[in-house]
Amino acid sequence: MKILPLIALTTFTATPVFAEETRQLDAHEHGVGQLNIAFDGQQIAMELHVPGADIVGFEYVAESAQDRAAVDIAVATLAKPLKLFALTDAAGCSVVQAAAGLESEEEHDEHEGEHGEEHADKEHAHEEHAEEGHAKEEHEDHANEAGHTEFHAEYLLTCADPSAIADINFSYFKSFLNALEVEVQIITATGATSFEVERDSPILDLRGMF
Amino acid sequence: MIPRLAFASLIARALTVGMTILAIALSVALFLGVEKIRTGAKASFADTISGTDLIVGARSGSVQLLLYSIFRIGNATNNLTWESYQDIAKRPDVDWIVPISLGDSHRQFRVMGTTPAFFERYKYRSGQSLVVNDGAIIDDLFDAVIGADVAATLGYIVGDPIVVAHGLASFTEHDDQPFRVSGILEKTGTPVDRTVIVGLRAIEAIHVDWQGGGQIQGQSTPADALRRMELEPQAVTAALLGVKGRLKVFGLQRSINEYAQEPLLAILPGVALQELWQIVGIAETALIGVSAMVVITALIGMMATIFSSLNERRREMAIFRAMGARPRVIVGLLVLEAIVMATLGALLGLGLLYVGLTIGQPLIDSAFGLWLPIEPPTLREFWVLLGVVAAGAIVSMVPALRAYRMSLADGMVVRI
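Quick mapping for you: the protein sequence lines, in order, are chains A and B. All residue numbers for the first sequence refer to the numbering used here, where the first residue is 1 and numbers rise by one. All residue numbers for the second sequence refer to the numbering used here, where the first residue is 1001 and numbers rise by one.
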């Protein structure tokens, strides 16, 4: 029992040293989210990365009850992919796995793979950042420097007939009013391609992709 | 009655009419030609790589990585170290990985070092594999497989020796370690046609006696000793990678892009290509705009000829009117003449395009590596031609209406 926190401590203290040697930071553009979709047989994997500003309107650590509630609601909304990215009904798609959470830039190494649970409960993903003392400290440091956070969601869907998917309706823009654009990358059997879906025309035409 | 008159009138003025038709034909051929090259270039680029999930290289831009690794356009800013390459190759999600090492040349052609897996994994034109036309793929350390264009341009056959030059456009040659042509690939219409492919170890082997960009004086390791040597590259230019299952592509891409030990970049070829089109798109639009302007200029030229012909045909028009032809008939006659000219021009333009394609196809292929397919006209081209004819008819309305108003009075009044 005693070893475990020690390991956690070393990983946390090791990371900043490392960050000094090779500094890198992902691009972060408010208003623009990234959605990756991979189609393989009947399975569809999606991953979404969106700046915190697009989803809840702020990127500092949520401390007030109001801000925390906003983050909780956002994570809960993000955990329902078919409500955000509506696929053609005829395809008969259902959610196998959905996980959503809030992360700051340098921490996702530690958190990757932890969101794998079936319909991951929002509390879990969120608590990691807010409740855990050390993580919170890190988070605050971060907030003072760059202050950028991202919502990250991963979905696994299964469809009875994926070839029936004609388009994706981005209701996402209705749920998150600060989001302006989503850069979509799609991989199908025919190859990879990219699209930009904007608030003004929130429907992504996928005909001819399969 | 009117069509016969129109044809007779056109034939009577064969020279001017011929010139007008030629101008329209050339402009139409230019417009359709630009369109052909544009779509041909896109198709040719898109056909160059298929079946590769990710391209990995040093962190630069996705378009740049795609251009230098696949199209041999431009150069790498940095290399991918062998340690990182092996590290990535070991990841459980990686199905296959093929290294690419560029930098040396043979005459005007690039030399690419890779592993035999390249011949199996590299796919073009929706999944076609490379086919060895003559000979066999790399077996010995000093075997080289050459692309169809290399063989055709330099007249090489299997068994010929090849001396690789150090770097690009350089005078220092690896003449102490000649290669042997072991195989010639079938024509693919991709940059592979213009590439000399050797083993990755061979690239190391020819540089064993080199230090600091030059050959060490008098030192030349015998080929057999090199064959026995443990030759491990320090770095490669890029790597093509296949992932076990499409669902894992994005995850692997992300983890390579976040690789902490070395700044690396993994790109999806299709997405990078799309980015390239976005950049090229502006130039494309400009090109289409200019060629459309040329068509408009030709049509205005036709209008000018009709206008000037009105002067010559004052009497003719007046006689028609005096014989009882209505003003409508005069308008109809002139518009019909214009439609006939525009139609002939459009058809001749289409003919010129195909003649030009037939002559230009091999030239463009050898100069730019761009294979323009000769196909029957598309629906889009049909609409363009129809548009030209319609525009010709509309443009001719201006002189026709003038004739409509003037025909009787103008021709009857004796002008001094």
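Treat each hint with caution, since some may be false.
[As the list claims (entries may be wrong)] Only part of the chain A face toward chain B is listed, based on derived beta-carbon distances under 7 Å:
(1) Glu-47
(2) Ser-163
(3) Ala-164
(4) Ile-187
In short, the hints are calculated from the structure, not lab data. Cβ coordinates follow ideal geometry from the N, Cα and C atoms, glycine included.
Going down the list of hints, with the structure as the test:
no., hint, result
1, Glu-47, "6 Å, holds"
2, Ser-163, "15 Å, violated"
3, Ala-164, "19 Å, violated"
4, Ile-187, "5 Å, holds"
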